[in-house]
Structure formats: structure tokens, C-alpha cells
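Taken in sequence, the protein lines are chains H and B.
For the first sequence, the positions run 1 to 500 when the numbering used here is used.
For the second sequence, the positions run 1 to 315 when the numbering used here is used.
These are computed hints drawn from the structure, not numbers from a lab.
The reader is advised that the hints may include incorrect statements.
[What the hints assert, rightly or not] Listed next, the in silico DMTMM-like pairs over lysine to aspartate or glutamate satisfying Cα-Cα at most 20 angstroms (straight line):
no.	chain 1	residue 1	chain 2	residue 2
1	H	K453	H	D432
2	H	K117	B	E41
3	H	K481	H	D59
4	H	K244	B	D159
5	H	K167	B	E86
6	H	K331	H	D291
7	H	K479	H	D124
8	H	K248	B	D159
9	H	K208	B	D159
10	H	K78	H	D127
11	H	K448	H	D437
12	H	K139	B	D45
13	H	K273	H	D374
14	H	K167	B	E55
15	H	K102	H	D124
16	H	K117	B	D45
17	H	K117	B	E55
18	H	K333	H	D291
[To be verified] Computed beta-carbon distance windows for the label pairs:
no.	chain 1	residue 1	chain 2	residue 2	range
19	B	D174	H	V129	49 to 57 angstroms
20	B	G40	H	D328	33 to 41 angstroms
21	B	R127	H	E362	45 to 53 angstroms
22	B	L171	H	K248	27 to 35 angstroms
23	B	P170	H	D267	52 to 60 angstroms
24	H	N353	B	F225	49 to 57 angstroms
25	H	E163	B	F292	33 to 41 angstroms
26	B	M30	H	D436	24 to 32 angstroms
27	H	T369	B	F146	28 to 36 angstroms
28	B	P46	H	Q21	45 to 53 angstroms
29	B	T143	H	M498	33 to 41 angstroms
30	H	P247	B	E224	51 to 59 angstroms
31	H	D328	B	F146	27 to 35 angstroms
32	H	V137	B	A50	40 to 48 angstroms
[What the hints assert, rightly or not] So, partial list: chain H residues that the calculated Cβ filter (under 10 angstroms) puts toward chain B:
no.	residue
33	T41
34	F214
35	F414
Please read all numbers here as calculations on a predicted model, not as lab measurements.
Every residue, glycine too, gets a C-beta built ideally from N, C-alpha and C.
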Amino acid sequence: MRRLLLAAACVLATAAPSFAQTLHVALRQDLDVLDPTLATTTVGRIVFAGLCDKLFDIDEKLNIVPQLATGYEWADEKTLVIHLRPGVKFQNGEPVDADAVKYTLNRDLTMQGSFRKSEISSIDHMDVVDPMTVRIVLKSPSGAFLSQLTDRAGMPLPPKATEQEGKDFAAHPVCSGPFKFVERVPQDHVTLDKFAGYWDAKDVHFDKVIYQVFIDSSVRLANLKTGTTDIAEFIVPTDTAAVKADPKLRLAVFDALGNFGITNNLDNGPRAKTPYGENALVRQAFSEAIDREALVNVVYSGMYAPSVQPVSASSPFYDPSLKPPPRDVAKAKALLKQAGVTLPVKVDLLTPNQPDLLQEAEVIQSMATEAGFDVHIQAIEFASSLQASARGDYEGYLIGWSGRVDADGNSYAFLHSGQGNNVSRYANATVDKLLDDARYSTDLAKRKAEYFKVWAQIQQDLPVTYLYNPRNIMAMSVKLKGFRPVPDGMIRLQGLEMSK
Amino acid sequence: VRGHLGTRVAQIIPTLLLVSVLVFCLQQLMPGDPALVMAGEERGDPQVLAQIRAELWLDRPLPVQYMHWMGNVLQGNLGYSWRIREPVTQLIAEKLPVTLQLSLMAFAIAVLIGVPTGVVAAVYRNRFLDYVANAVGLAGLSTPTFWLGIMLILLVSVDLGWLPPSGYVPLTEDWRQSLATTIMPAFVLGNAIAAILMRHTRSAMLTSLDQDYVRTARAKGLREFVVVIRHALRNALIPVVTLGALELGTLFSGAVLTEQVFSIPGFGKMIVDAVFNRDYPVVQGVVLVTAFLYVVLNLLADVLYVVINPRLRGA
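All chains should be modelled from the sequences, with the hints used to inform the complete structure.
The following block contains the structure:
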């Protein structure tokens with residue numbers, strides 16, 4: 001009997017879980033190329049959060065905090081001096097120094113196909129002051145420049161390895177983050193292993209991270225429920241009730257950076273020549289007819305924040321006094337009367353053919369009908385809808401923007417005249433000036449005042465009828481501790497651990 | 001027979017050329033600008049768009065683009081994926097074994113379910129077992145793959161915890177895990193084909209069982225089992241084999257949905273992602289390889305007829 005017990009104890013001892021821990025992260029779609037200079041997807045950024053450290057990071061309150069940098073100062077309003085953390089190594093052993101920072105920013109500016117170029121095009125030149133100090137001189141003052149270094153443009157790459165790999169860098173990316181690249185199976189997963197030489201190793205509690213792609217939301221949820229996934233970077237709002245009901249899971253809902261609304265065709269080709277496109281009063285009536293709160297409750301289980309601003313409540317540029325107006329059908333009808341249009345006013349609403357957006361379009365349709373509109377929903381696949389909006393083949397387009405840390409990234413390209421993302425072809429000299437002033441200033445209070453004026457003005461002109469600010473909705477195992485809800489929606493692996 | 005086979009082999013080349021032209025042109029008809037998709041949220045910058053178009057040859061005339069691509073294809077180079085910048089041949093080499101494994105397992109399941117139920121339904125014609133088999137067949141035909149897939153995941157994985165809900169482990173890595181991850185999707189995929197096979201086996205068997213040679217076999221006093229299996233089924237199998245070969249082709253297209261639901265990184269998932277992301281080189285490469293496999297499978301079916309039916313050997 002004793003022998004039997006001993007044997008059983010031995011078996012149990014060997015079967016006890018080893019402490020080599022793997023974190024399984026579920027992504028909603030496959031990422032694109034694993035090269036910070038060339039990448040464009042949000043899910044790609046989530047993988048970079050494990051693979052590549054940045055010069056600066058942002059915290060829960062959107063403050064810019066040091067990561068690979070220890071600090072910075074503006075020598076004058078065009079000269080930024082960045083001090084680097086000493087003793088930090090890339091995953092291949094090369095030092096993270098001023099040369100590497102200069103090399104990477106140069107690569108971003110000059111490499112063919114670089115998507116970072118437009119983000120940091122304000123750089124005039126860079127100097128290496130000493131191995132741990134780099135000076136960046138801008139062409140003009142920029143309030144948003146520093147925030148660009150909190151994302152992919154701020155991820156230094158090791159010059160030697162990057163040069164050696166050339167165009168194949170994405171197949172074997174090397175960075176300075178807590179985890180190093182092991183393998184990628186496209187459409188399936190990316191595996192990263194702990195980087196033993198990481199500068200902040202005490203905060204890293206997993207040995208391996210596997211990012212797995214689950215496109216179908218129910219399948220993502222099923223994987224969370226069975227424990228094969230520890231954290232999902234996005235859960236559809238209608239699945240949140242199931243997560244709440246499961247004692248093994250925890251929901252994290254927090255402000256994001258983006259916006260969602262109806263982009264209106266004001267002057268982009270012949271389809272702008274409608275009462276809706278030509279008369280601001282008609283668009284105001286449409287906006288008055290929408291109950292944003294009800295829309296969010298019906299379609300998104302109340303998870304998103306009704307809003308009329310391009311920035312979310314987490315941003316310092318959010319104007320708390322500018323609240324979404326309550327639905328007012330009588331006012332909407334009065335505005336239509338004032339506009340002198342024949343009823344019903346026909347509006348074509350273009351939407352990507354995703355189930356939630358279709359439902360959203362239908363809710364808007366029924367609300368607007370009561371005020372005297374005749375809304376036709378035109379649902380097409382996402383890539384086609386993008387093209388239609390770019391060439392002006394739409395009247396209203398239901399589309400969102402994932403958002404940037406600085407308000408400039410949520411407004412300039414959409415609301416300033418002559419910008420590529422301004423598919424409304426909205427042009428208002430006052431708004432242009434305010435956006436320019438805010439862009440070229442580093443004075444926070446002044447910039448805030450300017451953006452508040454822009455938000456107020458666009459309620460009148462309505463190039464975009466903002467509806468709500470989406471939130472990050474993540475679900476994770478209750479055992480997972482140390483998750484930090486930062487509005488950019490990234491999963492920071494530092495500090496994250498599995499309790500026993 | 002050899003001459004016939006020679007002609008069939010020679011037909012493969014123009015068929016594939018035609019497919020290549022068709023897929024190239026159809027893609028151009030598809031709305032959605034690849035440069036806009038590739039640029040992601042950088043799409044507002046006209047410089048970025050111009051740069052992408054130049055890099056991907058999108059700013060050149062269509063025939064030039066086609067000739068450039070075809071020239072590479074003839075040298076065995078299917079190009080690079082625009083989105084993830086990996087060679088298309090490498091992607092196909094990674095994904096094809098996954099879909100092949102899934103399809104073969106699904107086909108085996110389909111044959112194992114479809115043929116015996118078809119035989120039973122024919123033997124017990126218009127009796128209870130026939131009705132049951134027909135009802136099961138009809139249900140299999142009319143159940144949407146994605147619905148059945150999600151239901152099975154919820155039941156077998158979430159509630160019962162018997163199998164992993166999704167994902168894929170290669171056979172070479174761990175065959176047990178590999179089977180565990182593919183058995184559910186293979187069943188879902190095989191289910192609809194089992195129904196088709198069952199109905200065809202049933203009607204072919206009904207014809208067979210009415211033939212003189214079956215009556216003769218029974219008159220000789222052979223056991224009913226031997227009559228059904230050795231005499232009737234063997235003859236009934238010919239149309240079933242044709243159908244099987246064609247269905248193996250549809251398995252590939254069926255894999256699109258199944259792979260999506262079960263997150264299996266195969267051919268189907270690759271082509272869906274490629275179409276939505278306007279990753280033309282991947283779409284073209286996958287369609288070309290699929291067309292090639294389809295043509296080869298049909299050729300194999302032709303050869304199989306001859307093996308099964310000796311009367312065709314003189315033809």
C-alpha cells in the first residue's frame with residue numbers, strides 16, 4: 001500500500017504544472033507584415049506590443065511616459081532632445097542607442113512603402129549628440145509629434161540586423177521588447193519567446209506568448225470559455241453578457257481613442273448635389289432625428305459612448321460641455337421646413353456589410369424616417385465601400401476611425417480641406433486655420449481651446465455626423481492579473497501574470 | 001486508352017491558361033482598390049497610394065500586368081503576397097497539406113457514412129430504415145456548414161470539453177492532437193457530402209438490384225449479403241466514383257467556410273483573407289493551383305472508371 005501511495009505521489013509530482021507559462025492571446029483578424037515601418041493593422045500593433053519597445057508609451061490617462069527613453073525636453077519649439085535608457089539591448093545583442101534611433105527614423109522616412117513617413121514627415125534632420133542622446137529638429141513646431149513616438153514610428157530597430165535582412169526583415173523581426181520572435185504561420189498564429197536580456201525582465205512573467213487568429217466572434221468566445229485562450233483583444237458587444245455570466249471570465253471595458261459616425265458627401269462629385277449634401281440644415285435635421293443613446297443600447301448593448309466629437313472622453317481634447325443632443329423629432333422637422341426641402345428627403349446611406357453596421361444603419365433609417373427622411377441603405381463589402389467613398393460615390397457613409405493618441409490624428413486628415421481622408425471635401429477656412437494652429441503649437445491649453453472650437457463648428461457644418469466613441473471590449477481569464485486598460489487597446493505584457 | 005489519356009493530359013494546359021486569364025480579369029472587375037486596402041489607415045495620403053500602385057505594378061496597363069505575372073508563373077514563381085510579403089508558393093506549400101488532410105478526412109467520413117446508409121436505404125426500400133436514412137440525408141444536405149460547426153463547438157468543446165474548439169496541429173508535430181483538432185471540422189465538411197453520396201448510392205443500388213445478374217445471383221442461392229455487396233454494389237459504385245471525384249473538388253470550396261469557423265489555417269481561409277484584402281497574387285496563385293488539382297482529380301476519376309469497369313478498357 002505504501003509503495004502504491006509513493007508511486008501515486010511520484011506521478012502527481014511529475015504531473016504538477018511546470019512553471020513554464022504560455023499566454024494565449026486571441027486576435028480578431030490576421031495581421032499584416034511584421035515590420036514596424038511597413039505595418040498598418042491594429043492587430044499587428046498588438047503583436048508589436050510584445051515584440052518591440054517604443055521610445056515612449058502612453059498610460060491609462062493618455063499621458064506620454066518614458067519607455068526606452070528616460071526623458072525628453074524641447075530645446076526650442078522645433079528641437080526635441082531625447083535621452084535614452086542606458087544598457088538596453090536589442091534581442092540580437094546590438095545596443096539600443098542614439099545611432100539606432102536615428103537609423104530607424106531615417107528608415108521610416110526613406111524606405112519604399114513606409115507607412116510611417118507621413119506620421120513623422122515634420123522631421124527636418126536628426127543629430128546624435130552622444131550615444132544616449134538624440135536631437136530631432138522639426139521643420140515646424142508640432143504638438144502631435146511626440147505622440148507619434150508612442151507607436152510604431154517610435155520602435156527602434158537594430159541597424160545591423162535590419163540591414164542584413166533587408167526586405168525580409170518581417171520574416172525574422174528583431175526588436176527590443178520583452179518577447180522575441182519565434183515563428184509565424186499566416187492566418188493562424190504568431191509565437192514569441194521571452195527575451196532573457198530584456199531591460200525590465202522583473203516585470204515579465206510568461207515564457208511564451210501565442211497570438212492566435214479567430215475571425216469568428218463566437219469561436220473566439222468558445223476558446224475563452226474552454227480556457228484555450230487567456231485573453232481576447234476584442235469581444236463583440238453582444239457577447240459581453242455571456243462573458244459576464246461565466247465565473248471563469250472577466251470583462252474589461254474601457255475608453256478607446258476612435259470615433260464612429262456618418263461621413264457626409266458635401267462636395268465630392270455629382271452625388272454631393274442633393275439637399276442632404278448641399279444644405280447644412282438638412283444634415284442638422286438628420287442628426288437631431290438620431291437617438292444616439294438608443295442606437296448604442298440596441299446595437300451595441302450599451303457598451304459604446306454616445307458622442308458628437310471625434311475624440312473620446314479619455315482624451316484631454318474632449319470637450320465635456322459638448323454633449324450629444326437628445327433626440328428631437330420636432331426640431332428636426334422644423335429644420336427641414338426652414339430648409340425648404342420637399343419631403344421625404346431621400347438619403348442614401350452606404351455601409352460596409354457587417355451585421356452590426358447593417359443593424360445600426362437600420363436603426364438610423366427608422367429614426368430618420370419619423371423626421372421626414374427616406375433612407376436607402378446600400379451595404380457593400382468593406383474594401384469596395386472604401387473605394388466608393390474615396391471617389392465620391394456616396395451620400396452618407398457609416399464609417400469609423402480607430403483613433404490616435406493626439407487629437408490631430410483624429411481630425412486634421414478628415415476635416416482640413418485638401419486632405420486625403422477628407423472624402424466629404426469639407427472646406428471651412430476657420431476650421432482649417434484652427435486645425436493648423438493646433439497642429440503647429442505645443443501649448444496644451446491653447447491647443448485645447450482651438451480643438452473645442454473645431455468640435456463646435458462641425459456641429460453646424462456636419463461634414464461628419466459623429467454618433468459614438470467605441471470602447472475597447474476585452475475578455476480574459478479571471479486568473480490573469482496585472483492587465484492595464486490603456487485607451488490604445490494594446491495588450492502590454494509587462495506586469496501581466498497568471499495567478500495560481 | 002493511352003491516346004484518350006494523352007488527349008486529356010494535353011487539354012490541361014489550355015484549360016489552365018484560360019483559368020489564369022479569367023481569374024486575372026475577374027479580379028479587375030471586383031470593386032475595391034487594392035492600394036486603398038493595403039494602405040490601411042494611411043489611405044488618406046495620396047503619396048502613399050501612388051507609391052503602393054507603383055510598387056505593385058498597379059499603375060501599368062492590364063496586359064502588361066498579366067504578362068509580368070504569367071512570365072513569373074512559367075518560371076515557377078507565383079509572386080509575393082502583397083499583404084504579408086511572403087512568397088505565394090511558400091504559402092501554398094504551407095496551406096495545401098492542411099486542406100488536403102481536412103478534405104481527405106472529410107471524404108473518408110462521407111464515404112463511411114454515405115455509402116453504407118445508401119445501401120441500407122436501397123435494400124430496405126420504402127421501409128422504416130429507408131425513411132430514416134432519407135431523413136438523415138436530407139438533414140445533412142440542408143444544414144449550413146457554419147451553423148453546424150458553431151453548434152458542435154458549443155456542444156462538444158464548450159459544454160462537454162471533449163475536443164479543442166478550434167485551431168490546428170500538423171500531423172507531423174503530434175498526430176493525436178492533429179486528429180483531435182481536425183475531426184470536428186472534417187465531420188462538418190463530410191456531412192453534406194455524405195448526404196449526397198447516400199442519395200446517389202441509393203438510386204444506383206436500386207437500379208442494380210433490379211438487374212438480371214442480381215436475380216441470377218440470388219437464384220444461385222448466394223447469401224443476400226454477398227449478392228448486395230459483391231454483385232450489386234460493385235456495379236452501383238461507378239456513378240458514385242465519378243460523383244466522389246467531383247465532390248472532392250467541392251470539398252475544397254466547402255473548406256472555405258469550415259476553415260473559417262474552426263480557425264484552421266488552410267487553403268480556404270487563405271483565399272477568403274486574400275479576397276477581402278485584395279491580395280491579388282495570392283488569389284491568382286490559389287485559384288490556379290486549385291484548378292490544376294481539380295483537373296488532375298477528374299483525370300484520376302477517368303482512370304478509376306477503367307479500373308472498376310473492365311468493359312471500358314477496350315474503348
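Consistency of the hints with the structure:
1. K453/H to D432/H: holds (11 angstroms)
2. K117/H to E41/B: Roughly 13 angstroms between the alpha carbons, so the hint for K117/H and E41/B holds.
3. K481/H to D59/H: OK: K481/H and D59/H at ~17 angstroms, within 20 angstroms.
4. K244/H to D159/B: holds (17 angstroms)
5. K167/H to E86/B: holds (10 angstroms)
6. K331/H to D291/H: Roughly 13 angstroms separates the two Cα atoms, so the pair holds.
7. K479/H to D124/H: violated (48 angstroms)
8. K248/H to D159/B: Answer holds: K248/H to D159/B is near 14 angstroms, not above 20 angstroms.
9. K208/H to D159/B: Violated. K208/H to D159/B sits at ~28 angstroms, over the 20 angstroms cutoff.
10. K78/H to D127/H: holds (14 angstroms)
11. K448/H to D437/H: Roughly 11 angstroms between the alpha carbons, so the hint for K448/H and D437/H holds.
12. K139/H to D45/B: At roughly 19 angstroms apart (the allowed maximum being 20 angstroms), D45/B and K139/H satisfy the hint.
13. K273/H to D374/H: Satisfied, since the Cα-Cα distance of roughly 16 angstroms is no more than 20 angstroms.
14. K167/H to E55/B: At roughly 13 angstroms apart (the allowed maximum being 20 angstroms), E55/B and K167/H satisfy the hint.
15. K102/H to D124/H: Distance ~12 angstroms between K102/H and D124/H Cα, so the pair holds.
16. K117/H to D45/B: Roughly 10 angstroms separates the two Cα atoms, so the pair holds.
17. K117/H to E55/B: At roughly 16 angstroms apart (the allowed maximum being 20 angstroms), E55/B and K117/H satisfy the hint.
18. K333/H to D291/H: holds (15 angstroms)
19. D174/B to V129/H: 49 to 57 angstroms: 54 angstroms Cβ-Cβ, so the 49 to 57 angstroms window holds.
20. G40/B to D328/H: 33 to 41 angstroms: At 38 angstroms between Cβs, range holds.
21. R127/B to E362/H: 45 to 53 angstroms: holds (50 angstroms)
22. L171/B to K248/H: 27 to 35 angstroms: holds (32 angstroms)
23. P170/B to D267/H: 52 to 60 angstroms: Cβ of P170/B to Cβ of D267/H: about 55 angstroms, so the range 52 to 60 angstroms holds.
24. N353/H to F225/B: 49 to 57 angstroms: Between N353/H and F225/B, where Cβ atoms are some 54 angstroms apart, the hint holds.
25. E163/H to F292/B: 33 to 41 angstroms: Cβ of E163/H to Cβ of F292/B: about 39 angstroms, so the range 33 to 41 angstroms holds.
26. M30/B to D436/H: 24 to 32 angstroms: violated (39 angstroms)
27. T369/H to F146/B: 28 to 36 angstroms: Once the Cβ atoms are compared, 33 angstroms apart, the range 28 to 36 angstroms for F146/B and T369/H holds.
28. P46/B to Q21/H: 45 to 53 angstroms: holds (47 angstroms)
29. T143/B to M498/H: 33 to 41 angstroms: With a Cβ separation near 39 angstroms, T143/B and M498/H satisfy 33 to 41 angstroms, so the hint holds.
30. P247/H to E224/B: 51 to 59 angstroms: holds (58 angstroms)
31. D328/H to F146/B: 27 to 35 angstroms: violated (42 angstroms)
32. V137/H to A50/B: 40 to 48 angstroms: violated (28 angstroms)
33. T41: With a minimum Cβ separation of about 6 angstroms from chain B (threshold 10 angstroms), the hint on T41/H holds.
34. F214: Given a least distance of 5 angstroms, the restraint on F214/H holds.
35. F414: holds (8 angstroms)
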